[in-house]
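2 protein chains.
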Amino acid sequence: MSDSLEVGKKLVAFCKEGKFKDAINSLYSPKIVSVEPGSMPPMPAKMEGIEAIRGKTDWWEKNHEVHSLKVEGPWPHGDRFIVRFVMDVTAKAGPMAGKRMTMDETGLYTVKDGKVVHEEFFYHGG
Amino acid sequence: MSDSLEVGKKLVAFCKEGKFKDAINSLYSPKIVSVEPGSMPPMPAKMEGIEAIRGKTDWWEKNHEVHSLKVEGPWPHGDRFIVRFVMDVTAKAGPMAGKRMTMDETGLYTVKDGKVVHEEFFYHGG
Numbered sequence: 330m331s332d333s334l335e336v337g338k339k340l341v342a343f344c345k346e347g348k349f350k351d352a353i354n355s356l357y358s359p360k361i362v363s364v365e366p367g368s369m370p371p372m373p374a375k376m377e378g379i380e381a382i383r384g385k386t387d388w389w390e391k392n393h394e395v396h397s398l399k400v401e402g403p404w405p406h407g408d409r410f411i412v413r414f415v416m417d418v419t420a421k422a423g424p425m426a427g428k429r430m431t432m433d434e435t436g437l438y439t440v441k442d443g444k445v446v447h448e449e450f451f452y453h454g455g
Numbered sequence: 330m331s332d333s334l335e336v337g338k339k340l341v342a343f344c345k346e347g348k349f350k351d352a353i354n355s356l357y358s359p360k361i362v363s364v365e366p367g368s369m370p371p372m373p374a375k376m377e378g379i380e381a382i383r384g385k386t387d388w389w390e391k392n393h394e395v396h397s398l399k400v401e402g403p404w405p406h407g408d409r410f411i412v413r414f415v416m417d418v419t420a421k422a423g424p425m426a427g428k429r430m431t432m433d434e435t436g437l438y439t440v441k442d443g444k445v446v447h448e449e450f451f452y453h454g455g
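Chains A and B supply the protein sequences, listed in that same order.
The working numbering numbers the first residue of the first sequence as 330 and each following residue consecutively.
The working numbering numbers the first residue of the second sequence as 330 and each following residue consecutively.
Take the hints with a grain of salt, since some may be wrong.
No copy is singled out in the list; a pair is fine if it fits within one copy or between any two copies.
Below, a list of computed lysine-lysine pairs in the BS3-like style, where the Cα atoms sit at most 27 Å apart [stated by the list, open to error]: (1) K375 - K441; (2) K441 - K421; (3) K421 - K338; (4) K421 - K339; (5) K428 - K444; (6) K348 - K421; (7) K444 - K339; (8) K360 - K428; (9) K444 - K421; (10) K441 - K391.
It should be emphasised that the hints constitute simulated quantities derived from the structure, not laboratory data.
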């Protein structure tokens, strides 16, 4: 099994249980680069380094109540894989506070030396 | 709406109706590059030019009976978008002839000047 498929399967397993932090701690490179289609204030579109990504995850978890979560994939190609996330959430703060919404997005991950070094999220903002 | 989202929506609409050739004819650049995770003999993993991609589509359509087709997306990010395809097919020729199977894959597309210039497919071969 290729590195990317193996890492992808582990990432999907963690995310299905909502264990985003465990996925980061065990599968991400210290030099991870994470890119959203646009900025989500206060978060910039591009963030670098595992501490910044942990901070982003903390921020996301504090600001959203997750009602349900579906994670599909991984779909591998060489050193990359794609995962789909469908989340039914209610925002707790910010301009969307109190609004329940479905987030449907895909992530494109790149693996190097057995660790995720790059992640990019694909979705349509509105 | 960004070019990539607009092109992605048109591509999904064509593919939902099984009109893969129409998608190529109206949305693809003459210099399209198409990459599979591996070769599918007699097709190489990487093919270039719209005539080669039309030939690949002809080959695929001749060699598979499609029972049903689900197309999801597009998920955009900048000049790229992702689409998911789930196909229930029976192979008509080759080592899988007569075998009915579900193909579940994602495609990552790059748009330039309003046309698809690069497509890559992500799936796990077996």
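For the identical chains here, do K441 and K421 meet the 27 Å Cα criterion within one copy, between copies, both, or neither?
neither (36 Å within a copy, 38 Å between copies)
Is the C-alpha distance from K444 to K421 at most 27 Å within one copy, between copies, in both cases, or in neither?
neither (32 Å within a copy, 40 Å between copies)
Could you figure out if K441 and K391 sit no more than 27 Å apart (CA to CA) within one copy, between two copies, both or neither?
neither (30 Å within a copy, 38 Å between copies)
27 Å Cα cut-off: does K360 pair with K428 within a copy, between copies, both or neither?
neither (34 Å within a copy, 45 Å between copies)
Which holds for K421 with K338 at a C-alpha limit of 27 Å: within a copy, between copies, both or neither?
Neither way: K421 and K338 sit 30 Å apart in one copy and 31 Å across, limit 27 Å.
State whether the alpha carbon distance between K375 and K441 is at most 27 Å within one copy, between copies, both, or neither.
This pair counts as both: shortest intra-copy Cα distance 19 Å, inter-copy 22 Å.
Could you figure out if K444 and K339 sit no more than 27 Å apart (CA to CA) within one copy, between two copies, both or neither?
within (11 Å within a copy, 36 Å between copies)
Quick one: K421 to K339, C-alpha cut-off 27 Å, is that within a copy, between copies, both, or neither?
neither (29 Å within a copy, 35 Å between copies)
Cα distance capped at 27 Å. Does K348 pair with K421 within a copy, between copies, both, or neither?
The answer is within: 20 Å in one copy meets 27 Å, while 43 Å across copies does not.
Identical-chain pair category, K428 with K444, by Cα at 27 Å:
neither (35 Å within a copy, 36 Å between copies)
The structure is inconsistent with the numbered hints 2, 3, 4, 5, 8, 9 and 10, although it conforms to all the rest.
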